[in-house]
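K.L.:
Each chain, letter by letter, is given below.
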Amino acid sequence: MTSHSGYTLHHPQWLRRRVSTWWWLSRWRYFKFILREITSVFVAAAVVLLLLYVAALRRGPDALIAFQSWLSRPPILAASAVVFFFTLIHSITWFNLAPKAMKVRLGNIPVPPALIAAGHYFAWLVISLALAWIILTGG
Amino acid sequence: MPELVNLEVFRYSPEHTPEPRFQKFQVPYNKEWVVLDALNYIKDRTDGSLSFRWSCRMGICGSCGVLINGEPKLSCATFLPSKSSKPIRIEPLRHFPVIRDLIVHIGDFMTKLKKVKPWIIRTNESPLSEGEFLQTPDEMERYHQFSHCINCMLCYAACPIYGLDPLFAGPAAIALAQRYNNDSRDQGAARRMPILSSHDGIWACTFVGECTQVCPKHVDPAAAIQQYKLTAALHSLKSVIAPRGAA
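These protein sequence lines are chains A and B, in that order. By our numbering, the letter at position 97 of the first sequence is numbered 97, and the numbering carries on one by one without gaps. By our numbering, the letter at position 245 of the second sequence is numbered 1245, and the numbering carries on one by one without gaps.
Just chain B, same shape as in the assembly (with noise of 0.2 Å):
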């Protein structure tokens, strides 16, 4: 008789019954099987009206997020765990509103993460046969953590602050942002300042730090939020001491 995993899975199929519920599944247990692996052997064996989000199946695509025991992880990065007595509960993330089942709607996350400009931006554009822009490893470093981000969402899952203030620029946004603005060939900072200094960017985030916990490419939101919070000031005390050179 081979060991099983016992799972509770979300469920939500809004035109079959407008509540949501949550439904219990066995899956032989399997050393090397991740969640991701138990929600297909579901999908393949056992119902196959069960939906989910996922692609590479090596934590590179960020879109197989869910809240496994309440804990925002990827689906494919995290191994089943043995002889467990409490069945695994895995629900959609967590602040998203859900489509069906474990797929929430990612809408908000992309509307604010083309708003914080993430791309280089050039204010004056060099001539091709000027080259390449060249980079040292130490201007590389600046910017190397925060280029990790797969916007997988688990960070906006993990922020209470999102959960509350859905207008919340969110931690992946900021940070990605900051990947940017650290970086040397860019020239967008100051466009990027009035979106990122305002009321719904870092200022709304009162350093809670489950982003940063959460992240499964250590990339530190929480402290790419913090840094920018530093330049915001001062970039304010510059503009009130010396307002020509601030601008």
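So that you can see chain A by itself, here it is in the shape it has in the complex (with noise of 0.2 Å):
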């Protein structure tokens, strides 16, 4: 028996499969997740997008005023929307996910995952019409 090359007495091969680097690709809750993880690189560019507005703003009124001007060409305005897409899907994805992550009770009573969501879409249009209010009628 321990002459076959494969098979060592009371200790055989194990087979060892690789996972495929196309793994993701296999299933389509798989794909689903790298779609979901994806997004946090436009969230990044969403971030560095503000970074360079503070950056203008900072230069003063001109550089304020150049950086507008670049924002409105039709090119970064399309960049702008793609990013803003994917940032809305970051955030619903992150906002469905968070009831899973929190275990809320309100005293013995377990608080429903649903209206642990509901909470944060509810803080999240909260904080939206804030922001609005001070950007439309400047404070």
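Hints were generated in silico from the structure; no laboratory data involved. Treat the numbers as computed from the prediction; the structure is a model and nothing was measured. Positions of the beta carbon are idealized from the N, C-alpha and C atoms, including for glycine. Don't take each hint at face value.
[Claimed, not checked] As a list, the in silico SDA-like pairs of lysine to any residue whose alpha-carbon atoms are at most 25 Å apart: (1) Lys32/A with Asn1069/B; (2) Lys1217/B with Ser1055/B; (3) Lys1043/B with Pro1018/B; (4) Lys1229/B with Ala123/A; (5) Lys1217/B with Ala101/A; (6) Lys32/A with Gly1107/B; (7) Lys103/A with Val1214/B; (8) Lys1114/B with Ala1232/B; (9) Lys32/A with Pro1018/B; (10) Lys103/A with Asn1069/B; (11) Lys1114/B with Phe1207/B; (12) Lys103/A with Lys1238/B; (13) Lys1229/B with Val41/A; (14) Lys1086/B with Gly1107/B; (15) Lys1217/B with Val41/A.
[Stated by the list, open to error] DEER-style ranges, computed between Cβ atoms: (16) Leu51/A with Glu1141/B: 43 to 53 Å; (17) Asp1165/B with Leu106/A: 34 to 44 Å; (18) Ala66/A with Ala1190/B: 48 to 58 Å; (19) Gly1059/B with Leu115/A: 29 to 39 Å.
Can you join these two chains into the complex? Each is in its own frame, and there are hints to help.
P.N.:
In structure tokens, the structure reads:
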């Protein structure tokens, strides 16, 4: 038995199968997960845009006007729309997953997952409305 | 002529052929039959060398986990489909080394399971004369879901992170650690924390969520991991703000 190269007495040769580089294409649920993760890149892009805006603001009115005119160019507008769309998807998937991580209890009563998600959406709406009010009315 | 069901079963016998292969079998269709019955039919009537694990036949022991058409499932809890034009493909669990046919080596899981100390730890033992530890239904509800784990390892076969990073503690081990962390009788959370909050513990998980999808007992290991991430993050924050209080 020990003469066979593939078999050692009391210790058979294990078969180790490698995970394919394309594992995320093998199932729709894996693919959805990768899509969710990729949206983080667009969130990072939104943060970079915001930082550039702040930097232009710091440099003075001329720099700010130049930056705003750069932002209003059609290719940048299109890119901003894409960034906004994926940031929106990222936020929605994030809020939908929040109840998994949070086990909230009011006294001895567990708060239902739907209510935890709803709380996140409500906070998002309130903060967005407050920001819109500050931007549109000048504070 | 009885209706027949076609099966393609993964075969690996290194003492005969070093390369794995799929072997086709036909079994009679029976609406009460699960995949495990079909495998036992093959072993009893067609090919006695076919090797697979099973024990209880009722989704309790967790030993008959295989991939059925690519999905990690218990073979004792998956009925044979009738009039299936495509053959049913049965493979060993993904991400584990295969010993023979459908039997995988589970040593890695057993080592990781022991590391997270899945038992009640007491730092101050009470004398027997004080009686049993009483627990309210509400206290039990906090860990009950995680206590349903049967160590079937379907969650490891579904988790791409475990496949890519074999050092990852994995879903079941972390869920079982949480089962004891959430138990009002346990005092071992601090001893489990260095293992759970390490790089190969909860932080390796990127929340694919497949572990929860395939769990036959609805344990929801993904929730256990995300909840512990919150616990570990708050603990780190406390250790910065109030170093003495967090210790």
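K.L.:
Mind listing which of the numbered hints don't hold for this structure, in increasing order?
P.N.:
6, 9, 10, 14, 15
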